[in-house]
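With the hints as constraints, model all of the structure from the sequences given.
Next come the chains, spelled out residue by residue.
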Amino acid sequence: MTPYALVLAPFETLDFMRTALVACLALALSNGVVGTLLVLRRMSMDADVLGHAVMPGAAIGFLFGGPSPTWLSVGGLVSGLAVGMLADLMAQGRGRDDSGLVAFYLLALSFGVVLVTWRGSNIDVVRVLFGTVLSIDHRSLLQIAAATTAILLLVAALYRPLAVASFDPVFLRAVGARVPYRTIFTSLVVLALVSSFQAFGTLLAIGPMLLPAAAAQCWGFGAAGSMALASAFGLLASIAGLLISYHANLPSGPAIILAAGCLLTASMVITRIIHRASATIGSSA
Amino acid sequence: MSSDARIELRDVTVRHGRCIALEGISGAFAGGSLTAVVGANGTGKSTLLGVIAGTIRPSTGTVLRAVDERPAYLPQVISIDIGYPLTVAELIALGGWREFGSFWAPGVAVIEAAAEAARTVGLSGHLHRRIGQLSVGQLQRALFARLILQDASMILLDEPFASVDAQTIEVLLDRIEHWHRQGRTVIVVLHDLGLVRSQFPDTLVLAQRCIAWGPTASALAALAA
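Protein chains in written order, with the numbering used here: chain A, 4 to 288; chain B, 25 to 249.
In short, the hints are calculated from the structure, not lab data. Nothing here was measured: the structure is a model prediction, and the numbers come from that model. Hints are not guaranteed to be accurate.
As the list claims (entries may be wrong) - Covered by chain A, per the in silico footprint, the following chain B stretches (three or more residues, Cβ under 8 Å): (1) 77-86; (2) 98-108; (3) 115-124.
The beta carbon of each residue, even a glycine, is placed where N, CA and C say it ideally should be.
Printed below as a string of C-alpha cells:
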C-alpha cells in the first residue's frame with residue numbers, strides 16, 4: 004500500500020472522514036487547552052465525574068428528540084452544568100469526598116442507560132456511551148466549532164486568574180478577585196465535554212481531553228507550551244485513530260483514545276530516558 | 025473605631041460547621057504596629073489572619089478597616105501548589121496584580137520591580153527557575169518579594185519562618201523590620217516565643233478566644249500563667 008493510499012486517500016475520497024478530521028481538529032484545540040488546565044489543577048477525577056454527569060441530561064434529551072445531536076447536547080450541557088455547580092458548592096463546604104464522586108458516577112451512568120434503553124435500542128445506548136465520530140454532520144460540526152471558539156476566547160481572556168486560582172487560590176481571594184473562577188472553569192470543562200460527547204460518547208469524552216494533556220505535561224514546558232503540545236498530540240492521535248479505524252474496520256472513538264494512550268506512554272518513556280541521560284551526564288561532568 | 029486603629033475586630037466568631045475556630049475576638053491593630061500572634065496548633069491563628077485578609081468571612085461580628093485597601097497576605101507555604109509551571113519572576117510579578125488586573129499581562133514596570141524585589145531578598149540569580157525547583161526557604165523569599173510588590177499598608181504573614189534556614193530567617197526578619205520602620209502594620213503568626221520576645225513589640229495570644237493582647241512581655245506572661 005502506497006503512503007498516499009494509507010494516509011491521504013481516505014480523507015480525500017470520503018466526505019465523512021474529512022468531516023470527522025475537521026471535528027477532531029476543533030476538539031483537539033479546545034481539549035488541549037482545557038485538558039492542560041485540568042491536569043495542572045489536578046482535577047482529572049472531577050472531570051471524569053463531570054463527563055458522566057452529562058449522561059442523564061443527554062438521555063433526557065434523547066427522550067425528547069431522539070438521537071438528535073442538538074437535543075443530546077442541550078440535555079448534556081444542562082445536567083453537566085447543574086452537577087458542576089452543585090459539586091463546586093459542596094467543595095466549598097467540606098473536603099473532597101471520593102466515595103461520593105464514585106457513587107455519583109455510577110448512579111448517573113446507570114440512570115442514563117436506563118432512560119435511553121427505555122425509549123431506544125441497544126444501538127442508541129452504544130452511541131450515547133461511545134459516540135460516533137464518523138457520523139458527525141455539518142450541523143454538529145458547527146456546534147463543535149462554536150464551542151471551541153467560545154472556549155478558546157474565554158481561556159485567552161481569563162487565563163491569568165484561572166492559572167492563579169489553580170496554584171494559589173488564597174492569593175486570588177486576598178487581592179479581592181470575587182469572580183467565581185472555579186465555577187467558570189467547571190463550566191468550560193462541561194462545555195468541552197459536551198462538544199466531545201457526540202464524537203466520543205459519555206464514557207470516552209474525557210479521554211481526548213486528558214490523555215494528550217498528560218502526554219504534553221511529561222515534556223515539562225510552561226502552561227502555554229503544554230497547551231500547544233497537547234493540542235498537537237490530540238490532532239496527531241485523531242489522525243492516527245481515524246486511519247486505524249478506517250483500515251482495520253475498528254470503532255473510531257476507541258481507536259483515537261488508544262492512539263492518544265500510545266502518545267502518553269511514548270512521552271513518559273522518552274522523557275524518562277532523557278532525564279536519566281542528562282542526570283548521568285551531569286554527575287560525570 | 026479609634027483614630028489610630030488600622031483594623032478593628034468586634035466580637036468576631038468563626039465556625040466551621042459545629043467546630044468553633046475563633047470566638048468573640050474584639051480589639052484593634054494600631055497603624056504601624058508590629059504584632060505577633062501566638063498559640064498552640066488549632067487555636068485559630070490562621071483563621072484570624074484569614075478574617076483580617078478578607079478570605080474568611082466571620083460567622084458573627086464585624087471587621088472594620090480604616091481604609092478600603094486589601095492587606096498583603098502570605099498564607100502558609102503549603103497552601104501553594106509548587107507543581108504549577110511558573111517561574112520565580114512570574115510569581116513575584118503577581119504582586120503587581122492591582123496594576124495589571126485579571127485580564128492583562130504585567131507591564132515592563134512591574135517586571136522591573138519584580139527583578140528589584142528579587143534582588144532585595146537575594147533571589148536575583150533564580151528569576152527564571154520554576155518555583156517547584158526552589159527550596160522552602162527560597163520559595164518563602166520569593167513570596168516575600170511578591171509582598172514587596174504588593175506595597176500594602178498592612179501585611180499579614182502566616183508562619184513565615186516554618187521549615188526555613190537561619191540565614192533566610194535573618195533576611196525575612198530584616199524585611200519585616202524594614203516594613204515596620206516604614207510605618208506599615210505587620211501581623212505575624214509565629215511559634216518561636218524567643219523570636220517573639222526579641223523582635224515583636226506587641227503580641228496576641230489565642231486559644232480560640234483572646235487570652236491576652238498587648239505589649240509582648242505582659243501578653244506572654246499571661247500565656248505562661
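Taking the hints in turn, this is what the structure says about them:
With 3 residues carrying a beta carbon less than 8 Å from a beta carbon of chain A, the stretch 77-86 of chain B meets the three-residue requirement, and the given coverage holds. Counting residues of the stretch 98-108 of chain B whose beta carbon lies closer than 8 Å to any beta carbon of chain A gives 7, which meets the minimum of three for the stated coverage. Requiring three or more residues with a Cβ within less than 8 Å of a Cβ of chain A, the coverage given for the stretch 115-124 of chain B holds, as 3 such residues are present.
In terms of the numbered hints stated before, the structure departs from none.
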